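Q: Using the sequences plus the hints, can you model the full thing?
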Amino acid sequence: MRRRLFKNLFTAPCTEPVTEGAATLEVAGAQLRGVIARSLGRSLAIREVDAGSCNACELEIHALSNAFYDVERFGIRFVASPRHADLLLVTGPVTLNMREALERTYAATPAPKWVVAVGDCGGGCGVFADSYACVGAVSKVIPVDLVIRGCPPTPTDLLQGLLELLSGGAALGVNTRHS
Amino acid sequence: MLKALFADLSAAPTHRPWPRFAVGAEGWRGIGEALREGKLDLVGLWGDVDAVHCALYEPATQNVASASIEVRAGKAPSLAVFHAPASRLERAISDLFGIEFVGLPDPRPWIDHGRWPLHTPLAELPRPHAPLPPYRFLEAEGPSLHQIPVGPVHAGIIEPGHFRFTASGETIVRLEERLGYTHKGIEKLLDDKSIDEAARVAARVSGDSTVAYSFLFARAVEAALEFHPPARAVWLRAVMAELERIANHLGDIGAICNDAAFSMMHAECAILREEVLRACAVAFGHRLLMDRVVPGGVAADLEPVGAEAILSVTQRIRRQFPELIELYENTASLQDRTVGTGVVSAELAAQFAAPGYVGRASGRSFDVRLALPYAPYDVVPIQIAVRPEGDVDARVWVRIREMLHSIGWLEAALTSIPGGPLRLPVNAAAGASVEGSALVEGFRGDILGYVRIGPAGRIERCHLRDPSWFLWPLLEAAIEGNIVADFPLCNKSFNCSYSGHDL
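Protein chains in written order, with the working numbering: chain A, 1041 to 1219; chain B, 110 to 612.
Careful, some of the hints might be misleading.
In the DSS-like style, the derived pairs of lysine-lysine whose C-alpha atoms are separated by at most 30 Å in a straight line are [stated by the list, open to error]:
no.	chain 1	residue 1	chain 2	residue 2
1	B	K112	B	K148
2	B	K184	B	K297
3	A	K1180	B	K302
4	B	K148	B	K184
5	B	K302	B	K184
6	B	K297	A	K1180
These are computed hints drawn from the structure, not numbers from a lab. Bear in mind that the values here come from a model prediction, so they are computed numbers and not experimental data.
A: Structural data, given as structure tokens:
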């Protein structure tokens, strides 16, 4: 353990050659950090809610925190409670069995707040359309500010989506929709 | 045992590749008794409009067979009377088909939370919605016991489900799970779908096992239609399946350590996992390999640049992972949390036919790739890892070894992939009803698939049984007597699927 920590002192951080994908990420991330700092003056707190997804979206949302993306450096933080959150990141075709839990999570999130629907399911029910057990798009249950499509969206897609939301004039507090 | 049970019966001519027998009440009872005596493993139990089917595995002879019993006047005899692992499966069948299991010890609903517009959605005549009584959790009595309800919305970025802990101080006396929150009505959705449409749904049963499910669905369909996929596709399917296994094991080994507050392992493993996903994207065009395995073959070819990306990541893991294993082994604070925590006894693992690493960490040496080898594992066999301890540490070790075996297998396989077509057209319209079953080893364990295709080539009935059906009950047993703070650790060491279970 000590040996490893010592070794890490002398190794370069986990960086990669700037490819097209990595450049997009860095640019989007830097812009995002600027927008978050201007509109919030602190980090953006995100609460993720799985409203019946297949878990693929969760895997990619998880990936946002690995050393390659490391979104905390852009001022994005995942929090454990909706009461600490500025933004809900909702996945899944909203199953009827999760509907009330989603509504209550939304109600527990202090206003002003944003909601981002993630994935083809969250955006429009995906392959689960027409099921007796699904409500459909997240927007049928709670107001949605942005949809990030993909099955599942990649970590870079997710970051670009968040940037679009925040730089689209939807500064927190100005966004009166959910206050 | 299987032979003796079904000696006088002739198998249904439409079911492939293993036989399916129609049995009466006496035969069903015989199955129940064989399960109770541990001579057979229950690998699946699912409903139909007019029948209940089960799939059985006999460890002694490594044979599989299915059996069906007709439902009369809405009733069927219960297997759960003999064999506890059947209980939740029968409760789910009751919820979906309205079949009443005579003698079922626990008749509470399971998947149906009373929130759908109807009840028994898969029955011939679904029942109109009527409010259900509140769900009664099992009781635990004693001085100073308290309950901790958790979920369905959890604190982490994970799937939803409800856990009801009863604790005495810090010690868990009973954990009861309440699942079904992610029920998407998949079995009903698959009804009357074309093979290609159904494959897209099957790929989304559980996102972390998308390759395994696509592989399973393709194999079941191909078995039913007696279709042989091209050789190149068969190899590429397994390459993808092993990549999926490696990525998931890497992610979970790190996450288990993270739940023991050792985030360094998590960070290091997450880097390796990300590199595997990127190699998948280079090789097959999708990070999680969704919709890449399809009935008839595969939807993406492996170019030399892709093979190179895969080999470069396996070599990197070979180089870096031993240091991480050493770190895991030599960190006392981590070992203190994982060794002796969340023990699953060998008896329970055998009774529940515990799939995957949970079974193998409790001395059950079963892996579909080895016990019932399917192509290409019949040509290049896979090694498996078995440990007797049954604790979190054993599950971590099984996964470490398994991941390294998968890497070895991949490297060997990449040199022997034959050329040829990737996909051949599947003519599903066989003119008659045909049935196929398959077992595939996903990263979590064995997944069972059953599909019946109608004369016009559309799905008549499809059932996909996630390994989690037999893992969730074992988690309840493993956590008993442990402290509440060790639950996340135990839970992650199982990593059961919610979506795959709730369907």
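Q: Run every hint past the structure and note whether it holds.
A: A quick look at each hint next to the structure:
For the hint pairing K112 (chain B) with K148 (chain B), the CA-to-CA distance comes to about 12 Å; that is within 30 Å, so the pair holds. For the hint pairing K184 (chain B) with K297 (chain B), the CA-to-CA distance comes to about 21 Å; that is within 30 Å, so the pair holds. Distance hint between K1180 (chain A) and K302 (chain B) is fulfilled; the C-alpha atoms sit about 26 Å from each other, no more than 30 Å. Taking the CA atoms of K148 (chain B) and K184 (chain B), the gap is near 26 Å; set against the 30 Å cutoff, the hint holds.
Between the alpha carbons of K302 (chain B) and K184 (chain B) the distance comes to roughly 28 Å, so the proposed pair stays at or under 30 Å and holds. For the proposed pair K297 (chain B) and K1180 (chain A), the alpha carbon gap of about 22 Å is at most 30 Å, so the pair holds.
The structure agrees with every numbered hint stated previously.
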